[in-house]
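*Asks:* These are the residues of each chain, in order.
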Amino acid sequence: MDFLRPETLAEALELKASRPDAVPIAGGTDVMVELNYDHRRPSALLDLTRIPELQQWSDGLRVGAGVPYARIIDELGTELPGLAMASRTVGSPQIRNRGTVGGNLGAASPAGDTHPVLLASGAVIEVASVRGTRMIPAAEFYLGVKRNALEPDELIVAVHLTPAKGPQQFSKVGTRNAMVIAVCSFGISLFPEENRVGAAVGSAAPTPRRAHEAEQFLASTLDFKNPRPLLDSVKREFGELVSRAASPIDDVRGSAAYRKHALAVMARRTLGWAWQELLAKTNGSEERPCA
Amino acid sequence: MRVNVTVNGEQRQADDVWEGESLLFVLRERLGLPGSKNACEQGECGSCTVYLDSVPVCACLVAAGQVQDRDVRTVEGLADGDTLDPVQEAFVEAGAVQCGFCTPGLVVAAHDLLDRVPKPSDPEIREALAGNLCRCTGYEKILDAVRLAASRR
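Order-wise, the sequence lines are chains A and B. Position 257 of the first sequence, counted from 1, bears residue number 257 in our numbering, the numbering being contiguous throughout. Throughout, our numbering is defined as the position within the second sequence, counted from one, plus 1000.
Honestly, the hints are just simulated from the structure, not real lab data. Note that the structure is predicted; figures quoted are calculated from it, not measured. Watch out, some of these pointers could steer you wrong.
Stated by the list, open to error - Covered stretches of chain B, as calculated for chain A (at least 3 residues, CB under 8 Å):
1) 1055–1062
2) 1065–1071
3) 1136–1142
As the list claims (entries may be wrong) - Sample of chain B residues with no beta-carbon within 12 Å of chain A, all distances over it, derived:
4) Thr1006
5) Arg1012
6) Gln1013
7) Ser1022
8) Gly1035
9) Asp1082
10) Val1092
11) Gly1100
12) Gly1131
Glycine residues also receive a C-beta, built at the ideal position from the N, C-alpha and C atoms.
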């Protein structure tokens, strides 16, 4: 096995072009488990932790693929509340200090915690190779169970997100708060100025996926400019549509029926929280969203 | 491959390191530092928690090659000679140690918490230690130890 240690992105892309079999490693929270358990013996590891471009972000917002969850939580929570919420549910402090959104995307597990948020908030994934750069909308990035749109010579460089234009929420079901792989998860982003909602489910289909009908239902039902308290019937219908967008399986973490049920509950609740925040903002009140 | 790394303030060198090896293996088997424990090897238990460039991480999830020219501080590097770190002292006094296997990881995690948050609330302590499993104590004595160490700061 070779250990490749590029210092710049250009160098990393050259190495990946000449060694497409090299496995990129950043936080190591997935790759090292596979190595420790002898599930994988790549011919080379491509260490991405020494490349400054990947550890930075710019206002706007382009978040380097190697920015650990802990820094997203601590330093980007105001601009990216949904991503920060999802990041907070990842693993443990030790894992959040190392794990990265780039790694979540690279692994492309249907249960990856940040995927629903990236889908709901319209993130675009920047990937690069010596051939150039591609911008891939999150909705086109996940191709199957642990399969993504990367070509063998490409690396995930950054995630492009706009600072939140409205309330965002994330919810995840697991057996405890820390160290759980999601039984199922849900992300919602409100775009009040565009009269639009983004909604996506995680761990409830072969890939993370958007709930298009649920999004369209809210866009056509709700008045974002003059928000009024939500009707229970709207929340219920939204929950039903989100649940219907999923195609979960029975597995060790939960049954398909449970996942469908839990998604409807999470969708109702997160919509309630997000709408409460919008109401409070619009009415200029100090009222805080509550559970 | 050869790995040069600063461990507990000392420049160390490990030779014949396999490229897929973890920092934990290097520490325990090549540098003679068995304080960090090897239990789950998948980042679940926190027993191998060490500081990497001042940030607590699971040593089992760091590739050996990633620590080249970096700074590692293990549980062995917390005491000052024979004088225990206040966190270690508190663990002893509070009876927070039973079989002791999880202790090094918990001590490092608690040490980091008190560096960042000198007077943590109970939820903050629980959150900070959420990545460290203990199968003996039921955690109550460990929480007592962290409260005790915080009270002495």
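*Asks:* Could you run down the list of hints and mark each one as holding or not?
*Replies:* For each hint, the structure was consulted:
1. 1055–1062: Per the Cβ count (7), the hint holds.
2. 1065–1071: Our answer is that it holds, as 3 residues pass the Cβ test (under 8 Å) against chain A, meeting three.
3. 1136–1142: violated (count 0)
4. Thr1006: Consistent with the label, Thr1006/B stays out of reach of chain A, its closest Cβ about 16 Å off (over 12 Å).
5. Arg1012: holds, 18 Å
6. Gln1013: holds, 16 Å
7. Ser1022: violated, 6 Å
8. Gly1035: holds, 16 Å
9. Asp1082: Answer for Asp1082/B: holds, closest chain A Cβ roughly 29 Å.
10. Val1092: Holds, since 24 Å exceeds 12 Å.
11. Gly1100: holds, 19 Å
12. Gly1131: About 2 Å separates Gly1131/B from the closest Cβ of chain A, which leaves it inside 12 Å; violated.
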